Amino acid sequence: MLSIKNLSAQIDGKQILNGINLEVKAGEVHAIMGPNGSGKSTLASVLAGREEFEVTGGEVEYLGKNLLELEPDERAREGVFLAFQYPVEIPGVSTINFMKTAVNQVREHRGQDPLDAVSFLGLMKEKMKLVEIDQSLLNRSLNEGFSGGEKKRNEIFQMAMLEPKLAILDETDSGLDIDALKIVANGVNKLRSKNNAIIVVTHYQRLLNYIVPDFVHVLYKGKIVKSGGKELALELEAKGYDWIKSEAEVV
Amino acid sequence: MSKDNQLLEELTSREYEHGWTSDIEMESAPKGLNEDIIRFISAKKNEPDWLLQWRLKAYRTWTTMAEPKWPNVTYPAINYQDIIYYAAPKQKAKPKSLEDVDPELLKTFEKLGISLTEQKRLTGVAVDAVLDSVSVATTFKEKLAELGIIFCSFSEAVREHPELVKKYLGSVVPMNDNYFAALNSAVFSDGSFCYIPKGVRCPMELSTYFRINAANTGQFERTLIVADEGSYVSYLEGCTAPQRDENQLHAAVVEIYAMKDAHVKYSTVQNWYPGDKEGKGGIYNFVTKRALCAGENSKVSWTQVETGSAITWKYPSCVLKGDNSSGEFYSVAVTNNYQQADTGTKMIHIGRNTKSRIVSKGISAGHSQNSYRGQVHVLKRAENARNFSQCDSLLMGNKCGAHTFPYIDVENNTARVEHEATTSKIGEDQIFYCLQRGIDEESAVALIVNGYAKEVLNQLPMEFAVEAQKLLALTLEGSVG
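Chains A and B supply the protein sequences, listed in that same order. The numbering of the first sequence is this note's numbering, which starts it at 10 and goes up by one. The numbering of the second sequence is this note's numbering, which starts it at 2 and goes up by one.
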């Protein structure tokens, strides 16, 4: 589904990614871990197409297309979803209205008719259950005055609505207490299928107790320095990142 | 050039939708302004002598006045002798019914989406259509007359209801009120007149649609709305003009007189031609709008969505004379390219327990300048007056300007006056968030801007709100850079 080859990127002349290689197949969940400043969020942003980041080398192939040539909104309509670490507020625009616009643009792209109000509401009710989100929250201005947990739940609700093929969760666990974390993780697990893939970007192993990954990759100084199964996350939890750092320095 | 700038270029070069002209045979006065021209206009309209005298007095006053220089706008000096003050579609005889109206005229309004054929109209809106200087047709007149509601062109009101016109003309905006009001009083050609009798709730929206067609012509219409005790009316005003290279002057006056317990809601979607992307051409919209809440418990709400005009200079105001009367002003003013707007309101609290509310949302894009200017004046007698003002500015790009000039004058210490102001920028983060959900950039801007202006748009009647939303999106398309 996703094939990243030797990807490098910079921001304001500062090199952040230094040759990333990653293969993600449909049905898989990959966790990207690493210490602060290792380039985890940059990788997520570059995949989503954030303009501030300049790709300086490498290729990204997504479902047979050159992902880097697509505009951010085209990527989204092709099924790339980013759950933001810091979701923005849009005053005066309800989540419902926002999602209706998004869902119908994605449907149009897929050659489907737009949903009328009734079908849209039906779809919404169904997805709301997944993330245990209340409709009163969705009537409010997008993310305005939402608690940290509400914002993250809203991200996963939007993921459920848009049914992406590739979902990237950027530090979705940050700022969540354990109950909120479970709800969010449950939602994600219900959305896992053999047709989609999920990349979980996280600093801590905690989230991976609930969203169990098939592969774990450790990012350090803009490079994947170690890959393994889910047990690698536990090892990191026990030993910290220092042993990875020293291992990487030796290489 | 960045992608955003390209998009901006592409979209701002899009033509103004209503920029076409109609080929209608016109009858005009010669260029220039003097007492003879005023006599000519008055004679053309077969006006009674009192009105001619009123006009002449206004003209003489105007010649002693100076054009205001305090608005935060710049434009070359206007040569008032280079303007045609009267232009009217030539018609053989005064049409008795819609069937007699020149089909070319009807077509002009059809093209604007204003059908004057009653059976084709959405029920619920009666229209008075004004082309250049004269009212072309008024719909649903008979139906309204059954309730005693008078809704007709100003000229007709002068003929049919002189006592009402004489009593209320200039009662809210005196002829010497300001430079442009005096000019209007001297040369106004037509407009709408509306009277809602005691206790009557007008069952449909009343609307005036203004269209400037002729070149080198100024449009000076006058609207007078009188709401008798306990009545209610919702009034809409729309306007467009052809795309021309020279600037055209529009100096209108709107007067609203609200008696005891009357409630008037006045909504405008202003879409005059704003000039091209280099700032050439466009309408100078210098308008005086004022309401007098004369009676106790009367209420007037102004809602305006200002998207057009090269220059806008306008302050729909409320004089709260009656005890417990209230005034509201909801405004969205959008400027793009080289447009300039200096707009806001005045709330004059005279009566006791008077209340006013001001919600102003300015949006500036391109090289435009957008100013809010508002005055809240609480006079000595106005015990327990309340005002709440909120003035927000939204900037798009970094070449535009937003300015706020609030004036607060309080002479009674029981008054409570609150003022809130914010300035924000459409964030790249907000746009990116929308893009990441599959929403294209134009829809994203429209979504964000409409969200920002929601509180004001919510005040508009349904059909108007939809039009206003589209207009906002159209005016700002691609202006994020």
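Derived by calculation from the structure, the hints in this document are not laboratory data. Given the structure is predicted, the values throughout are model-derived calculations rather than measurements. C-beta: ideal position from N, C-alpha, C; glycine also. It is possible that part of the hints are untrue.
What the hints assert, rightly or not - Residues from chain B that face chain A, not an exhaustive set, calculated with beta carbons under 7 Å: (1) LYS45; (2) PRO49; (3) LEU53; (4) TRP55; (5) ALA422; (6) LYS426; (7) LEU436; (8) GLU443; (9) LEU448; (10) ILE449.
To be verified - Below, computed lysine-lysine pairings styled on DSSO-like, alpha-carbon distance capped at 27 Å: (11) B:LYS455 to A:LYS134; (12) B:LYS455 to A:LYS109; (13) B:LYS455 to A:LYS160; (14) B:LYS199 to A:LYS109; (15) B:LYS381 to A:LYS160.
Status of each hint after checking the structure:
Interface hint at B:LYS45: violated, since its Cβ lies 49 Å from the closest Cβ of chain A, which is beyond the 7 Å cut-off. For B:PRO49, the interface hint is violated, the least distance from its beta-carbon to any beta-carbon of chain A being 51 Å, above 7 Å. Given hint, B:LEU53 at the interface with chain A, is violated; its Cβ is 51 Å from that chain's nearest Cβ, farther than 7 Å. A cut of 7 Å between beta carbons decides the hint on B:TRP55: the least distance to chain A is about 46 Å, and the hint is violated.
Below 7 Å, beta-carbon pairs count as interface contacts, and B:ALA422 has none with chain A, the closest being about 15 Å; its hint is therefore violated. Violation of the interface hint for B:LYS426 is found here, the shortest Cβ-Cβ separation to chain A being roughly 13 Å, above the 7 Å cut-off. Given hint, B:LEU436 at the interface with chain A, holds; its Cβ is 4 Å from that chain's nearest Cβ, closer than 7 Å. Using the Cβ-Cβ criterion of 7 Å, the hint placing B:GLU443 at the interface with chain A is not satisfied: the shortest such distance is roughly 10 Å.
Contact between B:LEU448 and chain A, as hinted, is supported at the beta carbon level, the nearest pair being about 6 Å apart and thus within 7 Å. Annotation: interface hint on B:ILE449 holds; nearest CB of chain A at approximately 6 Å, less than 7 Å. A distance of roughly 25 Å separates the Cα atoms of B:LYS455 and A:LYS134; the hinted pair therefore holds under the 27 Å criterion. Distance restraint check for B:LYS455 and A:LYS109: the Cα-Cα separation of roughly 17 Å lies within the 27 Å cut-off, and the hinted pair is therefore satisfied.
As the CA atoms of B:LYS455 and A:LYS160 are separated by approximately 22 Å, the hinted pair is consistent with the 27 Å bound. The straight-line distance between the Cα atoms of B:LYS199 and A:LYS109 is roughly 46 Å, outside the 27 Å bound, and the hint therefore fails. Note on B:LYS381 and A:LYS160: the hinted pairing is violated, with a Cα-Cα distance of about 50 Å set against a maximum of 27 Å.
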